[in-house]
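> Generate coordinates for the entire structure from the input sequences, incorporating the hints supplied.
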Amino acid sequence: MDRLTSLSAFVQVIESGGFSAAARRLDMSTTAVSNHIRNLENHLGARLLNRTTRRVAPTDVGRTYYERCRRILAELDEADQAAGLLQSTVRGRLRLYVGVHIVPFIAPVVVEFLRRHPEASIDLNAGEREVDLIDEGLDLAIRAVHPSDGNFIIRRLATWHHVLCCAPSYIERHGLPTRLEDLAHHNCLRFSLYPFGDEWQFIGPGETQVSVKVGGNLVSNNATTILETARAGEGILLAASFLGLADDLGTGRLVRLLPDHRPIDFAINATYPTRHHLSSKVRAFLDLAAEHISRHRQELIQE
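If you're matching positions, the sequence shown starts at 0 in numbering that gives the first Met the number 0 and goes up one per residue.
Simulated from the structure, these hints should not be mistaken for lab results.
Any given hint could be a false lead.
What the hints assert, rightly or not - Okay, the calculated beta carbon distance ranges per label pair:
hint : residue 1 : residue 2 : range
1    : 263       : 181       : 14 to 20 Å
2    : 75        : 29        : 42 to 48 Å
3    : 198       : 134       : 18 to 24 Å
4    : 251       : 198       : 27 to 33 Å
5    : 227       : 134       : 36 to 42 Å
6    : 206       : 62        : 22 to 28 Å
7    : 134       : 88        : 55 to 61 Å
Even for Gly, the Cβ is constructed at its ideal location relative to N, Cα and C.
Below is the structure:
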């Protein structure tokens with residue numbers, strides 16, 4: 000029996016929640032994974048997994064065995080890396096899922112990654128739905144929300160500020176809002192992917208979090224459409240500062256509103272299955288993203 004492969008199969012079944020998902024991650028058949036588990040159970044003389052039609056869960060023995068096996072495999076990975084035995088060339092397909100509004104910021108990272116690593120390719124899908132990294136065979140998700148499944152590693156890539164602003168022509172026609180509650184009576188251009196919906200969130204005087212329910216004649220999941228509408232003087236905008244707002248604010252094309260109320264910050268989070276199985280391609284992409292963020296940090300934290 001190939002003990003190392005069997006241990007890897009067992010750990011992956013636990014972490015993936017099933018034989019099929021584990022087989023996809025290990026690039027082997029479901030039958031092969033099942034055989035490895037059966038061989039382990041025969042070797043130990045104990046049942047490691049309880050199998051149902053919907054889910055696989057460890058027995059008490061299996062849970063203890065899993066914790067030991069996980070540490071063994073992690074230490075083996077670290078030993079391989081220390082000895083320089085791991086393949087260092089970044090190659091193969093990197094499967095990404097990226098939040099729609101984050102794509103403009105991640106796109107330059109994709110370009111640079113492909114330039115630096117000619118043996119690699121990227122399969123990038125953009126959206127805002129909840130994804131299952133394991134079942135969908137994804138290597139990495141980059142979004143502004145935390146996954147509902149807590150069994151993943153989350154790495155914060157950046158934090159950006161939002162800006163509340165509008166064009167001077169809008170103020171000329173509709174007046175200047177001077178209180179937070181005034182926004183309820185203005186035409187607010189809403190980004191449908193904003194996590195709090197129509198409840199715009201702010202940090203007010205005294206560092207207390209406050210909100211206001213807004214409405215308006217435009218709701219869209221496309222930031223460019225909303226931004227162009229605001230530039231045309233048709234409404235008030237709440238948007239991430241890195242979405243091309245620096246020039247608009249610097250030239251006066253857009254002006255900030257309600258300086259005593261700071262829109263709450265958001266984070267760009269990278270999510271991936273497990274640290275000790277992190278591939279060189281995922282690590283290279285994350286490192287490059289961190290490098291890109293370091294170079295363009297001012298665009299994220301523009302006040």
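> The structure should be examined with respect to each hint, and the outcome stated for every one.
Structure-based check of each hint:
no. : hint                   : in the structure
1   : 263 to 181: 14 to 20 Å : 19 Å, holds
2   : 75 to 29: 42 to 48 Å   : 25 Å, violated
3   : 198 to 134: 18 to 24 Å : 32 Å, violated
4   : 251 to 198: 27 to 33 Å : 29 Å, holds
5   : 227 to 134: 36 to 42 Å : 38 Å, holds
6   : 206 to 62: 22 to 28 Å  : 43 Å, violated
7   : 134 to 88: 55 to 61 Å  : 28 Å, violated
Checked against the numbered hints given earlier, this structure breaks hints 2, 3, 6 and 7; the rest are met.
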